[in-house]
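> Residue-level listing of the chains:
There are 2 protein chains.
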Amino acid sequence: MHKILRTFAFLLLSVLACSPAFGQKIFDGEDGYRLWLKYDLLSDQQSIKTYRKQISSIYVAGDSATTTVIRDELSHALSGLLGKQPKFVEAVGKHALVVGTPSSSADIRNADLSELKGLGKEGFVIKSLELSGKPVTLIAANTDVGALYGTFHLLRLIQTEQPLRELEIVEKPKIDVRVLNHWDDMDRHVERGFAGESIWDWHKLPDYTYPRYYDYARANASIGINGTVLNNVNANAITLTPHYLDKVEALADLFRPYGIKVYLSIKFSSPQLIGGLKTSDPLDPTVKQWWKDKVEEIYARIPDFGGFLVKANSEGQPGPGDFGRTHAEGANLLADALAPHGGVVMWRAFVYANEKNEERSKQAYSEFKPLDGKFHDNVLIQVKNGPIDFQPREPFSPLFGATPKTPMMMEFQITMEYLGFSTHLVYLGTMYEEALQSDTYAKGKGSTVAKVVDGSLFNNHISGIAGVSNIGTDRNWTGHIILQSNWYVFGRLAWDHELTTADIADEWVRMTLSNDEKVVSTVTDMMMRSREITVNYMTPLGLHHIMGVGHHYGPGPWVKDLGREDWTSVYYHKAGKDGIGFDRSPTGVNSVEQYFSPLKEEYAKAETTPEELLLWFHHLPWDYTVKSTGRDLWDELVHRYYQGAADVTAMHNQWQSLQDELDPLQYHQVDMALTIQEKEARWWRDACVTYFQTFSQRPLPKGFEKPEKTLKEYMDMRFPYAPGQG
Amino acid sequence: MHKILRTFAFLLLSVLACSPAFGQKIFDGEDGYRLWLKYDLLSDQQSIKTYRKQISSIYVAGDSATTTVIRDELSHALSGLLGKQPKFVEAVGKHALVVGTPSSSADIRNADLSELKGLGKEGFVIKSLELSGKPVTLIAANTDVGALYGTFHLLRLIQTEQPLRELEIVEKPKIDVRVLNHWDDMDRHVERGFAGESIWDWHKLPDYTYPRYYDYARANASIGINGTVLNNVNANAITLTPHYLDKVEALADLFRPYGIKVYLSIKFSSPQLIGGLKTSDPLDPTVKQWWKDKVEEIYARIPDFGGFLVKANSEGQPGPGDFGRTHAEGANLLADALAPHGGVVMWRAFVYANEKNEERSKQAYSEFKPLDGKFHDNVLIQVKNGPIDFQPREPFSPLFGATPKTPMMMEFQITMEYLGFSTHLVYLGTMYEEALQSDTYAKGKGSTVAKVVDGSLFNNHISGIAGVSNIGTDRNWTGHIILQSNWYVFGRLAWDHELTTADIADEWVRMTLSNDEKVVSTVTDMMMRSREITVNYMTPLGLHHIMGVGHHYGPGPWVKDLGREDWTSVYYHKAGKDGIGFDRSPTGVNSVEQYFSPLKEEYAKAETTPEELLLWFHHLPWDYTVKSTGRDLWDELVHRYYQGAADVTAMHNQWQSLQDELDPLQYHQVDMALTIQEKEARWWRDACVTYFQTFSQRPLPKGFEKPEKTLKEYMDMRFPYAPGQG
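If you read the sequences in order, they're chains P and X. Numbered according to our numbering, the first sequence spans residues 1 to 726. Numbered according to our numbering, the second sequence spans residues 1 to 726.
Keep in mind the hints are simulated off the structure, nothing from the lab. Each hint should be verified, as a subset may be incorrect.
Because identical chains cannot be distinguished in the list, a pair is counted as satisfied if it fits within a single copy or across any two copies.
What the hints assert, rightly or not - Okay, derived cross-link-like pairs now, BS3-like style, lysine-lysine, Cα gap no bigger than 30 Å in a straight line:
#1 Lys-172 with Lys-443
#2 Lys-518 with Lys-134
#3 Lys-84 with Lys-38
#4 Lys-94 with Lys-443
#5 Lys-443 with Lys-53
#6 Lys-577 with Lys-712
#7 Lys-709 with Lys-247
#8 Lys-49 with Lys-278
#9 Lys-94 with Lys-605
#10 Lys-294 with Lys-712
#11 Lys-518 with Lys-174
#12 Lys-134 with Lys-706
#13 Lys-712 with Lys-374
#14 Lys-134 with Lys-600
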């Protein structure tokens, strides 16, 4: 007995010895690698007891690569969360967790669950019921991948300490194609990446794989992301050569058990670049044959290859327009090659061609609306949420609702190209929600962007949503722990856009940081307010595109005299003695005409335009009275800038109030980032206010601290090595 | 009691739950981040018991940042290794581990240890003795940093399960300046880096620091490395601007407690590039003033700044030669600015100027020997181990021993630019040892390179050694776990070049992999043979510089027709119908004349030239009889290539025989890399043999498998995205 006690004491101390509290520097603790799948021992002893009773054994039916993934995840997760892995069994037992499909399990087949009927290939059911006479918790689906999604859902319930009694969960994703887009280059540079370099080590593939590839797959499967576009939309044709297809194939094989398909961005001129053809004209028979052969080559290696993502005739990329052909002709060329194999084309609508004189925000609509109905069945048009380029705030793109016959796929940006790189705490869930819940009025009230995107508004046969990834080789994947939540919320909304982003934030905080109520309420509050805070210190009241030139780092409202007018900042804010803002109303370039009524009319007049979009749609004098506060425009602008910067300090104080409740390394990482964010928010504030003041010629309101530097000093700052440059 | 038992059982299971054996995929296990400082529980229970008795408490005297580092390391290490951290106490106790200096501890002061007298600022003593009447293990030094070095030495003894009884260890580094050189650019690209990107996140410094910075410092302190040159020798002047000095300062502050000084590579034209001066002429008074001011600016921030590393008038870098001045004048300009602050100049001798017609391997000697004695006191000349460029095998540089009045500093390459990037298992200890133990005969027999470098041969007042780092952001730091050993052996040899690299390999294996005797003997055997194996499949018999052009990836003996002859491969092997090899003997370009007798005479004739350098010094016919085997040259060449490739397969088998003894993730990582190495060794073999065969016009010996591809296929391979390109 004495000896047993001594041994246990030894082990107890071993456990304690590993804890960061035991005399180690602040560099120990949760480094963020485990994302929201930490699976640490739950803090509530009662919960642990209850869960252990409810899951006294695990029966995973079937014998595929995916069922192995399910078993591994349950083992890993439950041994961590509950301190003890329930035993794996080979049959349904009392209080078992049962996972399977009608084809892998006779018990499930015989249960003949009606819920399964409408669930397709990815949906799942989680039920507390009797199976073969025994009370179990059942995760059932039509496929093993559906069962995997159900498994992660169940684990989320446990991670967030929710009850497992009387479960009746039926889930089915609302959108079909739910993909990450990696703007990763072959040299491992990530365009607009701020979290290290590309996680794909092309040089060492296919023979060398990293744990990170597996953990990437797990993380994505846990939020229902079912595809990944591996390479930059500014594509490199080399990716389609055999040497690189070997590497792509290795990744596809690795991801397949997790329900993740691999896609590639392609360069439209590939037939010429790597095929030795004289043209890439979509109507040329040799070009058609080349793509047919190339696609067959791919599918011989990767039978479930997802398809192609295409950026064409945009920012210098080649495309069908180079041959006098339309976007539809270009897309259909690829679509026809992919169709026999079940692949899709995601054709980007991010265009603002040189030849037209239209205001930039109008061009995508102008170019694509006339093509509605001309795309073949396996083509989706992929358009950014707003009509310019991922600004802190934009109205939704007028293309949403404008193409009843063509699936319109949402492209969100998860990486923070215009929102502070990886040192600003910004939860993008509120931005995504704002975009998805916008009413297009395409078919009257309630024609939300979400219903366009999920295909239900126009009864499209396929739907999609893409997120430009914020993932890199940084240990914590995203450069900032809180920014992991943007990857998370993208996945959760892609699965079900009716979830509220407040609820999703709550989930994420519980899983990633702590179930402690003080932590949950404080951090979710920070997250829910963060986007508006950043809008305020960067681009309040509908301002947009006033960042540093090229690298997009820091403020640059003075940027002018570039190759194209619509690459400058002055083009977008049009600040002058007379006022500020872009007149997109009928008295200006009339971009509002692309929206349906009543938006078209609401946006037409400043008085009925939502304040947050005021300067997006209107050029207003400095003394324009802002309705909500009664201040004149100049004062309101200044107030917003100063409020934003002050709110970052407040957010930092909120975070620091949690020091005792948080893991020390998670705490420290975010604390350091908030220090930077405070400095940069003040920098944005001071640079923009000082610059705009040269036009307004009005003073700062009383009591507002003077800027730290002169305008010239702000304008002279150079950052040649800011990360993520295009 | 029952409850206690249950709690302990719970905790026991928690400990077990964290172990990778508990149902998790192969992506769990030791990822290599902890390097040779894993500090896992020792496997030998008896050792643990004994160490715990011998170290029943710890008394670290003093109250500096360094003593905090010492306490943290001891806490971290001993709680891991022994399962229990001995308690920290505030006075000498029986069986205590006592760490301190005469100034921090009266007990140590009163012990009046004579050993401390000659130990300078970095040496240390470890003694089992009675201190103030109590038996202790004492680590004493003249400074806290010396005590830190002693602490790591003691920990190494425990990690390698060596006895702590009757210790009488006196250590003092033989070389003063022991630095890593990072060829890291400001955009985080690492020139010749194959382990991810630069670990310095310049964009987020100074406010954001990573655990990796601290762990870098710990790892270097553990092997006595006392300085780091942060940036590429192809320098960027921006590093000297205030914005970047903020960041450099943050790193210097972070490293200081670990005894690590920060140095910078500088661009000689900085006065013009960032100073706005019209010239960078070292004799110009405004230039002198500019450097004086700039150095003062640096020392105001970093009082113990190490100094500058300079690549000048080499491969396009600016230098004093641009103004008609000598290397000495250039170096002295900087030296004089640094001298008042205690800084040094490390001036690189890697030159092969365009204007001269001399054979490349002669140029450094020609340019620098005449300048001997002309450099000011705080200048070291830094020269690569061999006279060309870090080839798998080179003779030592004739500059070693040629400059009695000027300290000659060794530059080794740790990163594997010419030795397989980060997928070939090559222990460079044997290469370093070969270089250091080479006899220059500068002052007769026994005038080893080591004695030149450590300053003892010529009684220089300062000495140095540099290693071009193989570190990057890869989780395992070096891209391949075994390649961590090269960082390790560099440090150990820099501290004491009289250690054998076999002993160092033994240390490293025990600390990093396992103390299991099968593992130790097998892996050290692999390591000790690995360099020669790689020489055989890449560049046997003294061949050199026949790699792929630009990226240096894979074989490229056919490379010709470049801007400079001495950038090609054909220049170095000179293969023709008549034979192969570079005649550097008196019948050729007579590079041998730069060596002292009797080397000069030995290298002059093929019969007395060591076989491993045969084709370095001689051009020989294909039927030349190789003495050691009696084969003719062609057959011997082919045999070496095939033997090398076969030996990689044998090495892989050796590794696979250890699967049950090794951590699964360490095992798996190296297993994957060995798969790649086998393929690449065969590729080198086949490409080189096929190519040289076009000249020898002789068949392969019987039984040797035919090459996989044709020569044309080998020559047509392109790797535009091979990592680490310059």
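> Against the structure, test the hints numbered earlier, and report the numbers of the ones violated in rising order.
2, 4, 5, 8, 9, 11, 12, 13, 14
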